[in-house]
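From first to last, the protein sequence lines stand for chains Y and L.
In this text, residue positions in the first sequence follow the numbering used here: the first is 3, and each later residue adds one.
In this text, residue positions in the second sequence follow the numbering used here: the first is 878, and each later residue adds one.
None of these hints come from the bench; they were simulated from the model.
Quick caveat, the model's predicted, so the values are computed rather than measured.
A couple of the hints might just be wrong.
Unchecked claim - Interface residues of chain L toward chain Y, partial, derived using beta-carbon atoms under 10 Å:
(1) Ala896
(2) Gly931
(3) Thr934
(4) Cys963
(5) Val998
(6) Glu1002
(7) Ser1028
(8) Ser1031
(9) Gly1039
C-beta: ideal position from N, C-alpha, C; glycine also.
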Amino acid sequence: MSDDVAGNGAKNGSTGTEAVKAGLARMLKGGVIMDVVDAEQAKVAEDAGACAVMALERIPAEIRKAGGVARMSDPEMIMGIQDAVSIPVMAKCRIGHHVEAQVLQALEVDYIDESEVLTPADEASHVDKRAFTVPFVCGATNLGEALRRVAEGAAMIRTKGEAGTGNVVEAVRHMKTITQDIRRVVTATAEERFAIAKEMAAPLELIEWVGQNGRLPVVNFSAGGIATPADAALMMYLGAEGVFVGSGIFLSEDPPARARAIVEATTHWDDPAVVARVSRGLREAMPGIEIAELGEAGLLQTRGW
Amino acid sequence: MTAADAMRPRIGVLAVQGAVSEHEAALADVGARTSRVRDAADLEGLDGLVIPGGESTTFGLVAGESGLLDAVRARVDGGMPVFGTCAGMIMLARGIAGGGAQPLIGGMDIVVRRNAFGRQVHSFEADLEVSAIGQPPMRGIFIRAPWIEESGPSVEILADHGGHPVAARDATRIVAAFHPELTDDRRLHRLFVDGVREAVTEHKEDSVVGSQ
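Could you put the whole structure together from the sequences, leaning on the hints where they help?
Structure representation (structure tokens):
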């Protein structure tokens, strides 16, 4: 892209506004965001109908296996993926790592995922996301956590699930918890909302907004453990506005077919005949992990505060 | 069809992926009935169609394989009014400048450039003078937005930004590179739905004349 094209809008308009940051998440709704580790996988994802890709060095299941400290990906690899596809490219920074986020913004990634899949850099604070032009997506396991992230400037939320397991049970738990929390806030009286704000450790004005509108203030996707078309459709049924699929695609036996099937199942989640048709003959899904086998120390979802 | 039905036309919103509910809310505000279009059968009985923002490559792949794209193209060629925003504008173009061969619907004699204003860090909002709307200006929200690079003689350019056309119409077909559905300004949706109402009324008069 030539210099006179890039930034043309900014000369006569305002960049990085809330409407612009949350707006991109609205355009992603009903879609599938796929983890990819190189340009070739990114093309497979785009050709399967992904609405965006998440560029990272290793998919969560591999990060789990490798152990050690997981960090932001090599900029070279992110740039290779940006050159390969025309759809939005997201990338992950460590929780609280302001400078990794600045680097990703300098690379002009389209969304930053401040992610528990990487090793946290700060045990007390997340990044102040309001200070950035690039929008952020953050994980959450309940309404209070989601609203803390929104208060910090997150323009999109995803349920955390348990990444790299191929087991959807935690994604289901987190989506249902958020829905139940919202229902509780909606039916609460004005007086009760003060107590709920304190209990959930979320700003009162956001609790009141949820009470009036009956939903999160930003788009909410599901992530962490989705491995089949039926898993994706299940998360849509439970109220997700779209899905992230990490290890589920490229650790399966036939990634292009599975990627395509998950896209179809996400669009047609309420039509079981379509989900049945696209689920046929996909060969083996990724091997799954029972959550109890991970133990407390093996959980990624408890990272972040 | 009764006169009351013509006042509340049935508008479909293409619902492969993207900002569907935002358009449904905007269309309801200007008095239209809405339904979601995921399969060719969903087009039956519609007076008009909105193609929302989202990822145009996803629309093309998912709707292309199911035959929905061909069915929409047949209706658009048959004169059904359409309104496309952002990815919707791309889908209604006849071609993409410097771009690959992704599946399109066509219908507007325009060539667009995808992601023309740059990546998300360059996404912006700005006031726009829209000729068919008048004052005050509309607040245009541009998200990885395209612009119109070429247009044919039948196309009326409605708005420019930074020297590039960003909204246009051709009879009852309207396209915008920005997202009026993300604001409370309903003037562009009203312009579209008023066009649909006229088309419905004319069609009714035609069929009355034809039956005599």
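Each hint tested on the structure:
no., hint, verdict
1, Ala896, "4 Å, holds"
2, Gly931, "5 Å, holds"
3, Thr934, "6 Å, holds"
4, Cys963, "7 Å, holds"
5, Val998, "5 Å, holds"
6, Glu1002, "6 Å, holds"
7, Ser1028, "19 Å, violated"
8, Ser1031, "27 Å, violated"
9, Gly1039, "5 Å, holds"
The structure shown violates the earlier hints numbered 7 and 8.
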